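Participant: Go ahead and model the full structure; you've got the sequences and the hints to work with.
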Amino acid sequence: MNSRTFSVLGLFDNAQLLMNAIPAVKGRVTGRLEAYTPYPIHGIEEALGLRKSPIGGMVFIMGLIGAISALALELWTSGIDYPLVTAGKPVFSWEAFIPIMFEVTVLFACFTSGLGMLLLLNRLPFYRHPMLRSRSMPLITRDKFALAVESEGQPLDVDRITAVLRETGAQTIEVIDQPAPPGPVSAGFLLWVAAGIMISCLLAGYLTYWGMKLFPVSVPMVHMLDQPKLDPEREDSFFKDGFGMRMPVAGTVARGQTPYTIKSEQDSAVLANPLPRTESVFRKGRQAFATYCSVCHGILGNGVSTLTAAYGAKPANLVSETVRGYPDGRIYHVIVAGKNAMPSYAAELTEDERWTVVHYVRALQRAMNARDTDIPKETPR
Amino acid sequence: MNENRTRNILAAAAVAGLAGMAATALIAGWERFWVNWILWFLYILTIGLGSLFIVALEHVVGARWSVPLRRVPERLSGLALLMGPAALLALFALPVLYPWTNAEALKDPVIAGKAIWLNVPFFAVRVVACVGLWILAYRIFVSGSIRQDGEKNPGFNVRARRFAPVFMVIFGITITVVAFDWISSLEPAWYSDVFGVYVFAGTFLAGLAATSLAVLYLMARGKLPGVGPDHVYNLGGFLFAFTVFWSYIGFSQYLLMWYANMPEEVFWYKERLEGAWGALVLALAVLHFLLPFLVLIPRDAKSEPKRLFWIATVMLIAHWLDLYWMIFPVLGKGALFSWPELSFGAFFVASSLLWIRHAMTRGADMPVGDPFLREGLEFRL
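First to last, the sequence lines map onto chains E and H. Note that the numbering used here gives residue 40 to position 40 of the first sequence, counting from 1, and the numbers run on in steps of one. Throughout, the numbering used here is defined as the position within the second sequence, counted from one, plus 1000.
By construction, these hints were calculated from the structure, which means they are not laboratory data. Computed from a predicted structure; not experimentally measured. We put the CB at the ideal spot given by N, CA and C, even for glycine. Hints are supplied without guarantee of correctness; some may be wrong.
[As the list claims (entries may be wrong)] Estimated spans, in silico, between C-beta atoms of each pair:
{"id": "1", "chain 1": "E", "residue 1": "16", "chain 2": "H", "residue 2": "1221", "range": "43 to 51 Å"}
{"id": "2", "chain 1": "E", "residue 1": "270", "chain 2": "H", "residue 2": "1110", "range": "42 to 50 Å"}
{"id": "3", "chain 1": "E", "residue 1": "248", "chain 2": "H", "residue 2": "1169", "range": "52 to 60 Å"}
{"id": "4", "chain 1": "H", "residue 1": "1153", "chain 2": "E", "residue 2": "44", "range": "44 to 52 Å"}
[As the list claims (entries may be wrong)] Using 30 Å as the maximum straight-line C-alpha spacing, the simulated DSBU-like pairs for lysine-lysine come out as follows:
{"id": "5", "chain 1": "H", "residue 1": "1114", "chain 2": "H", "residue 2": "1333"}
{"id": "6", "chain 1": "H", "residue 1": "1306", "chain 2": "H", "residue 2": "1107"}
{"id": "7", "chain 1": "E", "residue 1": "213", "chain 2": "E", "residue 2": "229"}
{"id": "8", "chain 1": "H", "residue 1": "1270", "chain 2": "E", "residue 2": "89"}
{"id": "9", "chain 1": "E", "residue 1": "284", "chain 2": "E", "residue 2": "240"}
{"id": "10", "chain 1": "E", "residue 1": "52", "chain 2": "H", "residue 2": "1306"}
Facilitator: Here it is in structure tokens:
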């Protein structure tokens, strides 16, 4: 018993002798069986009982991870974080995602099969493999076939293995010592370097992303602005009439810009609010109200704002009895047409936005005129 | 089962199918008759041409592993000859199904621009030329190979190898003509450059699936002694690779049209994605790509007869669905499938099987005169 022994190796004259010896040696000695041959021999994997390579499963799983991460990246960047409409297609266009998913799947799978096979499974680079210093190696690369019993951690019973190998027809026996400890550039070291590079890349990407998002020190992509294009409200030599902006094509109506035909407040009662009273509608209404209406009508809609004191103006109290009696259409009409000193807000608010404001004004009216019955009977203590 | 009984059942099915076809013409109308004719004749034709391509592929690359199996695709390629008369008869479908034969349709400038290619005399010339070229290829590859069984003359291999590259060009052109003339010109306003490649991918896959099925069937009956799992593995590998190729080409065609959104391209897909056709596309994606792809990933699946047998069956069905999805929407009546389709199927499939049974009486089950047969039998992965 020698714990410094790596393997005991027997040399055979031809492949058939080697194949015959394998079942005879198997089971009679402790240690892992390994064969070294000058050319591949069919069926030797089964005879030696080598396990199936796990590389297929690894590649499959990594390919799947590649596909899913590509999809997640695309969904996040072009669907959620910065929704970018391209060529009028929906933001979540699976068709456009497929090529990237395909490429990333192939990339992950190739890296896994190449690097996984070399580094993880074969533990390369392995400069000090004991077989490299074996006297039998020059013979094996020429015309001899070797069967080796290799140590799996436990010490090998050299005498017994030698006897068994001789018995099965081995011509020469060689005892090979354990390898020297691996040098600095071992497989483990390379794996750590690769992992380090990967973690640094992830970290750098993450830091750059959030750094640019939270502390925008530079204006991103200004050069996109410096290009020959038509600017609104500017003159331009592109068209004959010298205007950069165009009139709508005769006889057409832009989406969301249906012409408004109602002339007076009295006629506007026929308009009905087309929007449902959902949370998102109220939220949009509050936003629009805060931006355009609250400056004069006050944040509560009661006509009290900073402007009142500064200019002595008297904006309407939107939560008063009078306005509460208005139909929805009349409030809408005032937004479109203006009233007294108030100008039209048709240019600032789209049709839908005006209706969200109407909903929100209704909510303000209700809130500013709360009733006793609004208080829950069972008040929690 | 008794040999004569099988033949009688097939003959009965063919006769019953013929009766159903006559009834289709009388009851359901000539449009339904010819659309079924085109569909089923192309289904059998593509299986035959795919098999002929496999034979030529072996000669052009000098493959050895497939020599013991070569008689199978050689016999299957006889289907392309059987469909020669069917192609000539299908010329009667031109005025019924193909809009470009109608003087009214030629007022459309797009269709008028294609009239130089799409006119009845030139169409007929192309059909005759294609059928003639296929007969020529069949005589050189298949008849020569069967003659070699007795003569044992290696000169055949030299002739076949010289002709194979020429045939590759012939095949590329004729399969594109089949795709453009018989399928694409059903909607003559449509443009797709890659359509020929798409039909080629389906054709090759159909030939492979039919060849795999026949090889597995013959192996189970001991007709191919010496052919083992290593040969079957290669067929499985081909199926695996070309199911991905088919999906790649099919998706490329769709992606570019979807992106560009040009009216002259997208209308074809719009017709084929609405209603029942949309469900059929999903079925096609699963049966023609996802299922074979996932099932054939593991190494064992490519050489295990049972799994390969049902996957090849699924792919033959999927190839039919593919053609059905391309051809039937031109009727504009939804996904019709009823007794006329079944009658045509019974006639075409039964007569094809009878034709194959007849072909099996000619020559040995393996190319016994081929000098490379032994090398092919000894093939190991």
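Participant: Look at each hint and say if it fits the structure.
Facilitator: Verification of the hints:
{"no.": "1", "hint": "E:16 / H:1221: 43 to 51 Å", "result": "violated, 33 Å"}
{"no.": "2", "hint": "E:270 / H:1110: 42 to 50 Å", "result": "holds, 48 Å"}
{"no.": "3", "hint": "E:248 / H:1169: 52 to 60 Å", "result": "holds, 56 Å"}
{"no.": "4", "hint": "H:1153 / E:44: 44 to 52 Å", "result": "violated, 39 Å"}
{"no.": "5", "hint": "H:1114 / H:1333", "result": "holds, 27 Å"}
{"no.": "6", "hint": "H:1306 / H:1107", "result": "violated, 55 Å"}
{"no.": "7", "hint": "E:213 / E:229", "result": "holds, 28 Å"}
{"no.": "8", "hint": "H:1270 / E:89", "result": "holds, 15 Å"}
{"no.": "9", "hint": "E:284 / E:240", "result": "violated, 41 Å"}
{"no.": "10", "hint": "E:52 / H:1306", "result": "holds, 22 Å"}
Hints 1, 4, 6 and 9 from the list above are not met by this structure, while the remaining hints are.
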